[in-house]
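A.B. asks: Now that you have both chains on their own, put them together as the hints suggest.
Here's the letter readout for the chains.
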Amino acid sequence: MNLIESFRIAINSLMINRLRAILTTLGILIGVGAVVGLTSLGRGVENYVSGQFTSLGANTLTVSSTRPSSGTRTVIQPLTDKEAIAIARLPGIQRVATQYNVSGTLLAGTESVSLTLNGVTANYVEVNEWRPRNDGGRFISQQDINDAARVVVLGESTVEDLYGDPNFNPINLSLQINGRIFTVIGVMENRSGGAGADQNAAAFVPISTAQSRLDNARVRGGAYKVSQMQVQVESKDAIEMSMAAIEVYLAGAHDIIYSGDEDFRVSNQGDLLSSITQVTGILTLFLAGVSGISLLVGGIGIMNIMLVSVTERTREIGLRKAVGARGLDILSQFLIESILLSLIGGALGIVLGWLISLIGGALVPDLDLSLTLDSVLLATGISSFVGVFFGLYPANRAARMRPIEALRFE
Amino acid sequence: MFKWFNRKTTESVAEPEAPKAVIDIRDITRTYEMGEFSLQVLKGISLQIFKGEFVSIMGPSGSGKSTLMNILGALDQPTSGEYFLDGVDVSKLGETTLAGVRNKKIGFVFQSFNLLRRTTALRQVELPLVYGGVSGRSQKAKAALESVGLGQRLDHLPSELSGGQQQRVAIARALVNEPAMILADEPTGNLDSRSGTEVMQIFQQLNRDQGITIVFVTHDPWIARHTKRVVMLRDGKIVADRHVAAPLVAGETERPSEAEELEGVFKEAYYGGAKAEYT
Ligand SMILES: Nc1ncnc2c1ncn2[C@@H]1O[C@H](COP(=O)(O)OP(=O)(O)O)[C@@H](O)[C@H]1O
Ligand SMILES: [Mg+2]
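Chains as they are written, first to last, in our numbering: chain A, 1 to 410; chain B, 411 to 689.
The set of hints was computed from the structure by calculation and includes no laboratory data. Be careful, since some hints might not be right.
[Claimed, not checked] DMTMM-like, lysine to aspartate or glutamate: derived pairs with alpha carbons at most 25 Å apart:
1. B/453 <-> A/405
2. B/461 <-> B/492
3. B/502 <-> A/405
This is chain B alone, in the form it adopts within the complex (with noise of 0.2 Å):
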């Protein structure tokens, strides 16, 4: 077994009293049409994520993760039971109110980055000011591309930048609008590992410095450790909704090779030749 580092982050910070759930969902279920067949892919899910959180949802392939996170974020509606978004009942709002929850309250991060082609990074940020007809835009973004260490890159176009700037673009795209919480789709699915903790190092720093709520998924248990709640769906159901003891924080602690983290797994620690040759 490898070793955890006990390194306390933000859990210090006092409770609210009375906290409140930015995110409280009653026996959601979704279910697709597909002609002659019909796949209900959530089967009844009940959460609530309060404000400050941050939140993995963990689960095998095809488990309705990326279905949970486009009803939360508002692309899509469920098929039955209540979404309350900061209090409002979402779950039966028309698609014109939609896209106003969307711009003002939801900041969505994708795998895929989902960058506009030919744009510079101010303009891709500076978007969903635009839709929210809010003045003062390229202080903002440019505010927004700071907070992401993205300061000097305001005129790069996507072509011009690495995946991990790719996706901090897109993260300060999402949190420009001052969203009530920030929903990323496996953001770090695309990236290398190193990409990876600077998108991980990131939220831990929005999450902290400006208790913003973070809710993403991550098939990756090392980097679901650095969050500070881990929920695992399967099969439609979450199946286990627990709180990390010490989260890790992005970049402190070296990842551990495969080797290591299946040492446990292995009936001997080597199969054959010199033990020498496999160090």
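This is chain A alone, in the form it adopts within the complex (with noise of 0.2 Å):
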């Protein structure tokens, strides 16, 4: 008796108990299907959200005030113009794109909105890859900076909310804010994605509008305020460097003597990206681990049956003995049928899986959603496990059955 003979054996009493065999299979059809489908989609949505941050600018750096870490020092010297323009002729740096926030309301009409106002340099277009849309409206200028220009620039929402619509063209219009008259200038595209609040509920003024018109945010030393400050690498590669060039710039600035005392902070999208994708990560295994779950009642459903078939062919057993069939022939039967239930059943829950991503893809289509060969692999290696594992126990117990007392069950 060799391995092709109980394979022939085995595909020969699951045709006989077709019906049977079917159900079985179904357990493992939806473990493996929910496996494959939901890996999938845990796998889109984390390369969606990369993507997003990627599309952020995977090599700007954001520098902030922050209260120090150590509590020795209390002191949080603001950060400046000045700092900006110092940091920008660092070695690696591209630009510099500095912002000074001040909170406003807007007035058009009988319509108002309150909400940071972001006053900032010409180059933010630039630096954030956000335009203003095409409808005879720009941005910020240089000269609106040099003039501390009453313009302003609107983000779709906030034309929304002030206009009732947010494909209203306001260009040219006036509206006040904090009592003072502005002009629109333009409107920003929409932008979706990203983490947090809705990006389009924005209002943008010239930065030196926001430090002496709208707020006095001048220091010792003729240098004005600056609440953040973008800064643009020129390679991805360049970035570990430019960050510690900037710590040791601003440090010596601050008069930072102790590590702990700083009181500024230079992030980097990346530590927020591999953030992010932690979280997607976390969700994709809980996805994993919720469908393996189901993938294991599949696998128990396999052992049921398979006990309650060796039970019912028990006199089959004896007859397969008595005409010569070793332990080692049913044991092989036995457990090559459970491998194959849970082979057919893996098989075809790859193409529920696959079936499931479509469906998915289709209904939100800024996925990409895509079968990848190591869940394909890891669900045909589950299913393979499973009918090993759990064919094992009931093929054990028919091949130890004594010929005698298996022919005389009833």
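C.D. replies: Listed below in structure tokens is the structure:
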């Protein structure tokens, strides 16, 4: 008796008990389908999120003020535009966009909106890869900054709040910000994705206007405070080096001697990205875990049905032994049966998983869902393992039956 | 008394000089342990059966016939005693070796046929060849089915065959591996008398034409009279072991009715009523 014979016998008995075989495969089918489909869904979300972050600029550093962690230093020396100019001259750095935020209330006719106004530099557009939309408007220019001009660029949500329609064209209209008259010069393109609040609920003014007209941000020595700097690095590889250079420069400028006394923080989009991918990775793992449980349930189903089948076929086992089957022959017959059941279930499950990812991809076009080879291999591996693991006990039970007792079984 | 038909069968074939015992059991016992109780079913049985013999084992229900047959068929092991099958002591073999013995040396026929569900006759008969790793299976299985008169029923499922035909498939399965003997535990027990006669014809033909050793259990003295030797069991012991003077040939003699068989027992032939009503 060789393996091929065992296969033939196993396939024959599966064919003889067709309905039961199909019902058994169903459990594995659903389990494997869930593993493959949900894993692909999780991966899709992961890729989508990290894709969004890369588009936000993986070579951008953010410098902001922060409370020193040591607690021995209590003063926070604000970041200034002079420091920004110095940082822009450091090696490896392409440009620095500074930002000064003030809170303000916008009033157009009778509608008003309160928000944080972003006082920005002209290169905000390049650094953030975010442009005004194509309806005759423009972004803040260097001239506007030199003049501390009373001009404002709105986000689409702000346009909607003020004028009732995000597609309304407010260019050259006047509105009031904190009681002063400003002219709308542009509306930003709609921007979706990323983490956090609606980015379209924004309004931009020249940084100098924010610093001198809407607030008094002047510090001793003639410089102006900034809330935040966005530093664009020449290449991704230069990020670590540039971070260190900025930290050294600012530590000198802020008279920081002991580590822990830093009143600024240089952060990297990549750090944020890796913490986000960690979260989405956990999501994928969680989905895989949930579907793994359904696979386990499917496996227990196989064991259950195999046990019933062994009991039901006790006389058959007795007869096979009476005509010369050894324990090993019976063991391999039943083991192959259960492995075949779970492999067939696994194959159909991969198809089901593929359908799930197709449907998911059609419902959410932003997600790029594809079956990955590793999830298919994993599913195949798991289902053959399930077949062996949950088939072994019933098969062994069948193999160890004594022939006369099996033949006497009613 | 009914008449004996003195028809000679294979008795006339010359006896071999040194007959070889196919079955040689010596002082076999078998005790079933059931919790606190133990039941000794076989109480020391010794028996030799030689090549070419056709033996029936008779005895009341519960006398241990099936227990003995299971031991002879290597399906069960004796509690004590020795069993030489074709010269090999099988009473101490392990389960795996026994499986090989069952496969090569023994063809077993059961009262309840024990065919596989939804499996064609040909496949049923191939089964021992599969486990024996024999090649040319379908030819051999086909030949075996032809020898039991089922050459036209190769593709039939058990559900498409009569009881007698099913038992003939089982006999083909038992003889396909050319075993040293065929053992049958009440092979006609589930059959009507016509199918029973068919099965007996096949057994006699196998024994006569191919010299196959056959041992079978029966309750029925009429069936036993078709064999050449009758071993009687009672309470786990052999109480008689006799050769049949003139074995019947299956199908040649009409079986007497119950009334005829019991004729000598009654005090009077009839009990009331007009005699003409009881012909
Ligand atoms: N596996 C068993 N366990 C316990 N008792 C058994 C077993 N097999 C048979 N017996 C008992 O042994 C006795 C003989 O049984 P058996 O050999 O089947 O008799 P027969 O075939 O002559 O009718 C019966 O009393 C039966 O109940
Ligand atoms: Mg019996």
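A.B. asks: Would the pair residue 453 of chain B and residue 405 of chain A pass a check requiring their Cα atoms to be no farther apart than 25 Å?
C.D. replies: With a Cα-Cα distance of about 21 Å, the restraint between residue 453 of chain B and residue 405 of chain A holds, given a limit of 25 Å.
A.B. asks: Would you check the hint for residue 461 of chain B and residue 492 of chain B, treating anything up to 25 Å between C-alpha atoms as holding?
C.D. replies: Distance of about 19 Å is within 25 Å: holds.
A.B. asks: For the pair supplied as a hint, residue 502 of chain B and residue 405 of chain A, confirm whether the alpha-carbon distance does not exceed 25 Å.
C.D. replies: The given pair, whose Cα atoms are some 19 Å apart, holds under the 25 Å limit.
In the structure shown, no violation is registered for any of the earlier numbered hints.
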